[in-house]
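Modelling step: build the complete structure from the supplied sequences, incorporating the hints.
Listed below, chain by chain, are the residues.
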Amino acid sequence: MGHLILRVTIKILFAPIILFAFYVQFHGDYGPGGGFQAGVILASAFILHALGFGLATCQKVIPPNWLPAGMALGVLIYAGTGIYTMLFGDNFLDYDVIQPDSHHHAGQHIGIIAVEIGVGLAVACTMLQIFYAFAGREPEPMDDAW
Amino acid sequence: MMLAAAASAEVGSEVTPSTPEVVGFTGAFAVELCLLALLAATAVAMIRMRRLFGVAMLSGIYSLLSAAFFVALDAVDVAFTEAAVGAGMSTVLLLSGIALTAKVEMPVSRTRTIAPLIIVGVTAAALVYATIDMPGFGDANAPANAYVGRAYIEQTPSDIEVPNVVTAVLASYRGFDTFGETVVVFTAGLACLLLLGAGAIRGGGRNDDGEH
Numbered sequence: 001m002g003h004l005i006l007r008v009t010i011k012i013l014f015a016p017i018i019l020f021a022f023y024v025q026f027h028g029d030y031g032p033g034g035g036f037q038a039g040v041i042l043a044s045a046f047i048l049h050a051l052g053f054g055l056a057t058c059q060k061v062i063p064p065n066w067l068p069a070g071m072a073l074g075v076l077i078y079a080g081t082g083i084y085t086m087l088f089g090d091n092f093l094d095y096d097v098i099q100p101d102s103h104h105h106a107g108q109h110i111g112i113i114a115v116e117i118g119v120g121l122a123v124a125c126t127m128l129q130i131f132y133a134f135a136g137r138e139p140e141p142m143d144d145a146w
Numbered sequence: 001m002m003l004a005a006a007a008s009a010e011v012g013s014e015v016t017p018s019t020p021e022v023v024g025f026t027g028a029f030a031v032e033l034c035l036l037a038l039l040a041a042t043a044v045a046m047i048r049m050r051r052l053f054g055v056a057m058l059s060g061i062y063s064l065l066s067a068a069f070f071v072a073l074d075a076v077d078v079a080f081t082e083a084a085v086g087a088g089m090s091t092v093l094l095l096s097g098i099a100l101t102a103k104v105e106m107p108v109s110r111t112r113t114i115a116p117l118i119i120v121g122v123t124a125a126a127l128v129y130a131t132i133d134m135p136g137f138g139d140a141n142a143p144a145n146a147y148v149g150r151a152y153i154e155q156t157p158s159d160i161e162v163p164n165v166v167t168a169v170l171a172s173y174r175g176f177d178t179f180g181e182t183v184v185v186f187t188a189g190l191a192c193l194l195l196l197g198a199g200a201i202r203g204g205g206r207n208d209d210g211e212h
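So the protein lines, in turn, are chains A and B.
Take the first sequence: its position 46, counting from 1, is numbered 46 in the working numbering, and each next residue is one higher.
Take the second sequence: its position 138, counting from 1, is numbered 138 in the working numbering, and each next residue is one higher.
Source of the hints: derived by calculation from the structure; they are not laboratory data.
From the three backbone atoms N, C-alpha and C, an ideal C-beta is built for every residue, glycine too.
Some chain B residues near chain A, calculated using beta-carbon distances under 10 angstroms: (1) Asp77; (2) Phe80; (3) Val92; (4) Leu93; (5) Ser96; (6) Ser158; (7) Ile160; (8) Val162; (9) Ala168; (10) Leu170; (11) Gly175; (12) Glu181; (13) Gly189.
Dropping the structure here:
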């Protein structure tokens, strides 16, 4: 458990950080950012929570066995977008085929958003997974501890 | 430590000569100079510090300063990633790694630091020598800006129609590369899972590996 001031600060910041992550995720077409940054920001919100309130509390919200599934699902969403465009007779990840009649390249927009969601999910789950793997271990006794 | 020194040498030497067009002492140039001086000072402090907590904090500060420098170079997307990953995520991972190990770095004898110092010095000299041939910062005829880079900038408004060209290149033109990067991130998470034990999946706790 962290210090009281840290815990209050984390409680205030937790929701805005997640909101900012989604802003970065879906605003990547228009400004700096995208799935990778959004995934890291989303994971950092939960890591901040785990640092302040303990790993067990955070693992109640996001159980550790969800994360490998989320990692794989993110990659599958990305690959699935590519397979989808191939099924409609175009190249792998050639998004124009999603909306071929659109005159403002709606297919490109849909494809980019789908792919970025895959990246965001994979990155967020991977970052949280690595943190869980580190923080879930108890420290080994040092040589000078004996 | 030496890795950090090499990285700082790399960053410092690669970007310093790339702004030769700055005529006179403008405000932007002063900001860049301050950021580079702070980067160098942080790197030196990291090398000299023995307490690992302080080193981890300084590495976060180093990443934040380089993110600020990327903003000064108009590379906003790179700066964003550096701030999120370098200053945020890797600092936390370093700290949770330090929690599992010793808190203070073992003292190293002077004679053992000579060989790494020579390697870092030679690498830095080679990098500085390489930057002499580099095109000027923002040079329109530089290879990075001339061929396919120019084509992306010219064709994104008609091909993709998204305002951020970086996103268009990353997710559409070079979508297959980004797919590879996503798989790399996935593989990194998988490797951590395999190396640090599945105890984290089963709800944390100690993983004895059958030793006891």
